[in-house]
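Visitor: First to last, the sequence lines map onto chains A and B.
Using our numbering, read the first sequence as starting at 4 and increasing by one per residue.
Using our numbering, read the second sequence as starting at 4 and increasing by one per residue.
All clues stand as given, with none of them false.
Intra- or inter-copy, both count: the list cannot distinguish identical chains.
In silico SDA-like cross-links for lysine to any residue, where the CA-CA straight-line distance does not exceed 25 Å:
1) K254 <-> Y124
2) K208 <-> N372
3) K445 <-> Y420
4) K125 <-> K445
5) K293 <-> R439
6) K29 <-> D339
7) K208 <-> V232
8) K208 <-> E221
Just so you know, these hints were derived from the structure itself, not from any lab.
Number of protein chains: 2
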Amino acid sequence: MSNAPASAAKSSVREQARAARAAARKLALLSNEARNSLLLGVARRTEQNAAKILAANAEDCRAAEGFVKNGELSQAAFARLRVTENTIREMVMRLEEVARLEDPIGKRLATTELDDGLILYKESCPLGVVAVIFESRPDVVPQVSGLAVKSGNAVLLKGGAEAVRTNEALVALWRETLRESGIAPEAAVTLLQSRADVMELLQLKREVDLIVPRGGREFVEHISANSRVPVLGHGEGICHVYVDRAADLAKAEAIALDAKTQYPAACNSAETLLVHADVAAKFLPGLAKKLKEASVELRGDERTREILRGVDVVKATEADWATEYSDLILAIRIVDSLDAALDHIAEFGSLHTEAIITEDAAAAQRFLNEVDAAGAYHNVSTRFADGYRYGFGSEVGISNSKLHARGPMGMEGLTTYKYKLVGNGQVVGTYARGERVLRARKIE
Amino acid sequence: MSNAPASAAKSSVREQARAARAAARKLALLSNEARNSLLLGVARRTEQNAAKILAANAEDCRAAEGFVKNGELSQAAFARLRVTENTIREMVMRLEEVARLEDPIGKRLATTELDDGLILYKESCPLGVVAVIFESRPDVVPQVSGLAVKSGNAVLLKGGAEAVRTNEALVALWRETLRESGIAPEAAVTLLQSRADVMELLQLKREVDLIVPRGGREFVEHISANSRVPVLGHGEGICHVYVDRAADLAKAEAIALDAKTQYPAACNSAETLLVHADVAAKFLPGLAKKLKEASVELRGDERTREILRGVDVVKATEADWATEYSDLILAIRIVDSLDAALDHIAEFGSLHTEAIITEDAAAAQRFLNEVDAAGAYHNVSTRFADGYRYGFGSEVGISNSKLHARGPMGMEGLTTYKYKLVGNGQVVGTYARGERVLRARKIE
Numbered sequence: 004m005s006n007a008p009a010s011a012a013k014s015s016v017r018e019q020a021r022a023a024r025a026a027a028r029k030l031a032l033l034s035n036e037a038r039n040s041l042l043l044g045v046a047r048r049t050e051q052n053a054a055k056i057l058a059a060n061a062e063d064c065r066a067a068e069g070f071v072k073n074g075e076l077s078q079a080a081f082a083r084l085r086v087t088e089n090t091i092r093e094m095v096m097r098l099e100e101v102a103r104l105e106d107p108i109g110k111r112l113a114t115t116e117l118d119d120g121l122i123l124y125k126e127s128c129p130l131g132v133v134a135v136i137f138e139s140r141p142d143v144v145p146q147v148s149g150l151a152v153k154s155g156n157a158v159l160l161k162g163g164a165e166a167v168r169t170n171e172a173l174v175a176l177w178r179e180t181l182r183e184s185g186i187a188p189e190a191a192v193t194l195l196q197s198r199a200d201v202m203e204l205l206q207l208k209r210e211v212d213l214i215v216p217r218g219g220r221e222f223v224e225h226i227s228a229n230s231r232v233p234v235l236g237h238g239e240g241i242c243h244v245y246v247d248r249a250a251d252l253a254k255a256e257a258i259a260l261d262a263k264t265q266y267p268a269a270c271n272s273a274e275t276l277l278v279h280a281d282v283a284a285k286f287l288p289g290l291a292k293k294l295k296e297a298s299v300e301l302r303g304d305e306r307t308r309e310i311l312r313g314v315d316v317v318k319a320t321e322a323d324w325a326t327e328y329s330d331l332i333l334a335i336r337i338v339d340s341l342d343a344a345l346d347h348i349a350e351f352g353s354l355h356t357e358a359i360i361t362e363d364a365a366a367a368q369r370f371l372n373e374v375d376a377a378g379a380y381h382n383v384s385t386r387f388a389d390g391y392r393y394g395f396g397s398e399v400g401i402s403n404s405k406l407h408a409r410g411p412m413g414m415e416g417l418t419t420y421k422y423k424l425v426g427n428g429q430v431v432g433t434y435a436r437g438e439r440v441l442r443a444r445k446i447e
Numbered sequence: 004m005s006n007a008p009a010s011a012a013k014s015s016v017r018e019q020a021r022a023a024r025a026a027a028r029k030l031a032l033l034s035n036e037a038r039n040s041l042l043l044g045v046a047r048r049t050e051q052n053a054a055k056i057l058a059a060n061a062e063d064c065r066a067a068e069g070f071v072k073n074g075e076l077s078q079a080a081f082a083r084l085r086v087t088e089n090t091i092r093e094m095v096m097r098l099e100e101v102a103r104l105e106d107p108i109g110k111r112l113a114t115t116e117l118d119d120g121l122i123l124y125k126e127s128c129p130l131g132v133v134a135v136i137f138e139s140r141p142d143v144v145p146q147v148s149g150l151a152v153k154s155g156n157a158v159l160l161k162g163g164a165e166a167v168r169t170n171e172a173l174v175a176l177w178r179e180t181l182r183e184s185g186i187a188p189e190a191a192v193t194l195l196q197s198r199a200d201v202m203e204l205l206q207l208k209r210e211v212d213l214i215v216p217r218g219g220r221e222f223v224e225h226i227s228a229n230s231r232v233p234v235l236g237h238g239e240g241i242c243h244v245y246v247d248r249a250a251d252l253a254k255a256e257a258i259a260l261d262a263k264t265q266y267p268a269a270c271n272s273a274e275t276l277l278v279h280a281d282v283a284a285k286f287l288p289g290l291a292k293k294l295k296e297a298s299v300e301l302r303g304d305e306r307t308r309e310i311l312r313g314v315d316v317v318k319a320t321e322a323d324w325a326t327e328y329s330d331l332i333l334a335i336r337i338v339d340s341l342d343a344a345l346d347h348i349a350e351f352g353s354l355h356t357e358a359i360i361t362e363d364a365a366a367a368q369r370f371l372n373e374v375d376a377a378g379a380y381h382n383v384s385t386r387f388a389d390g391y392r393y394g395f396g397s398e399v400g401i402s403n404s405k406l407h408a409r410g411p412m413g414m415e416g417l418t419t420y421k422y423k424l425v426g427n428g429q430v431v432g433t434y435a436r437g438e439r440v441l442r443a444r445k446i447e
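Please construct the entire structure, taking both the sequences and the accompanying hints into account.
Guide: As structure tokens, then:
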């Protein structure tokens, strides 16, 4: 693909990251109101510059048509590239929504008295500098920048070459707003230019606190394997819907259809349907018909194929249970118990989102407690796993790490905490010699 | 060093990790009372088996004398290896203390209503399988096992070869207690045997959720660089004490002495003293005398050496500001302002623990807010950075990562969370088609 046009005098990624670090130190000291004023300023500027953004995007789209023709860009990626007036309205709305959220910084998470006049406070604070590497979708720019600035972080953005004009137009709104406000340096929101920048970025252990890669599994694994900076990304989404023996089969059908077909490319779509043997014969034929009508390819175990004789069901192999199709393909397996369903998920799940459909409260409770996933759902579609739907205003990404941030990642994933210890001259020697005793007493 | 005696039929690390995973699934379902009963059972068994533990340790110590002689083991490591009756009393006390702490599992961290009858719960849960790699100190076994089991996690322990008999005796107490209780498999607490096991462990991305290396910086970096499993360890502890212009100089002296000399090998000891120019001439001569009496080698910038003419102060180089001495050496630098102190720490600090000594509340507030470290201290020694002192009962380690767990790491660092979404048949299609609107409303 073409190189990005140089929109600014080039400086090295390290220099840009250092400038971002300095900007982050300023941002972290701003009041919630001041940070909100930046988000709302960008929201206004986005509305005022809609024509400019659409024009930049039209140019990107024109250029991208060539990449689609020669196979460098998928049709799906091309679709995600396009910005419409509706996209712009949504960008504005999400910035306003994030501005309305409560301040994630300076929250007192715990207070402990260690001794008379020796108080330990645990308080939330920004991470510092966060880098997000993403493809195609330009609406990542306002979403991620809004969450980052609201939580007192500077952000380094690296988008795909195919969206470079749109991304530049969107980042310009932030830099203009920052410049005019004078309350934090422009470097708080920085767009990295070239693919080579990413390789340099991965080495900046001292300058960057977190890298979030958004993209396919191989891309995320490549970044993780090569980064000296901590990485939080989502790898696979192998999500299951388990239809229990006590399921309301109408709900189960609607949920299975939604989880598979509503947006099959999404990581929170279902890949495998587990059905309790007691209801399989009653449930599967009707569902299979509707899935086929929705052009879903079916793969099943022996018992499924037996029940669905006459329907075209490919024989599922071990590999099917372990595959994220991201497509209109569904694997179906019949299980003899809730335990068998939990065992299957423990073996093949990707810790993303798992759903049970049942009217049996005890079974639901067991499933929610025992399944190891970022999302454990009862009687709802796996497709709800999304930061916006969870009320985070936007999302930085979805993490299927168990550490730090799990599942849809909003502002909290961009914060850490520090312990503030306040005393009046205490030294450890006093306690080591037994002259006084530390007795931690939780106050909050 | 000698190979560990085979205390159990050998199985591969992967098999042991899988058994630990299965044990973790059981542990996670136990009530707080049941988990506490395991800790208290081990505490009783520790007391009853004190003689056995001391005998195993005496054997380890005898063998280790040889390693000290041929230079394979440092005197400091040898000292940490020894278990006394006092150590055993402390092991028992810490287990009892952790048992008394509130249950870290199943805590409701947030509740959000996404729509009528669609409720999102964020709840704490165990990580699963945690591996801890440590050296010499056998008291890590009860500390880490106690925190892990209390928080519903299985633990894989890999100690140094020099402590193998002691570690085996201590792990046996857990396995006997687990076996007799019958409430969770013995594999919940497993001791890995050989150094080769560690290399295998680092590949077990699917079986192990977190590795905590405890040891020197190079060791931790080696583990981090080679692990496919997430690693949380502490690298360097370059801690600063900043004596502000408005410091109470008596407090400052006591704190500087404690932070440097109370236990210089600890990561939370101070390495650099920053002194405001306005008080340096008054403060430094008296302090230098006491530091010299405590055998501390001094390294200073030009202005420090000027003030301390007549005292032996080595000229500090840039490298001194960036070095964790872990020894009786202190670097001293004179700064002209709080800002200069903050800039120095931003450049050379290791995000561990930083202290300001001042009677100026505004300066203290700025320092606590602006310094980027796990611990930001006002008028207390950096040596307080410790899980036990913080009231965590014990510590798994100290993290100077900003992600997941920061600073002394107790049970919370061994937990993650999951989102439970409970509905009655909701599908995303309804909302995507605009038939209903999601309106996240925070309830708790």
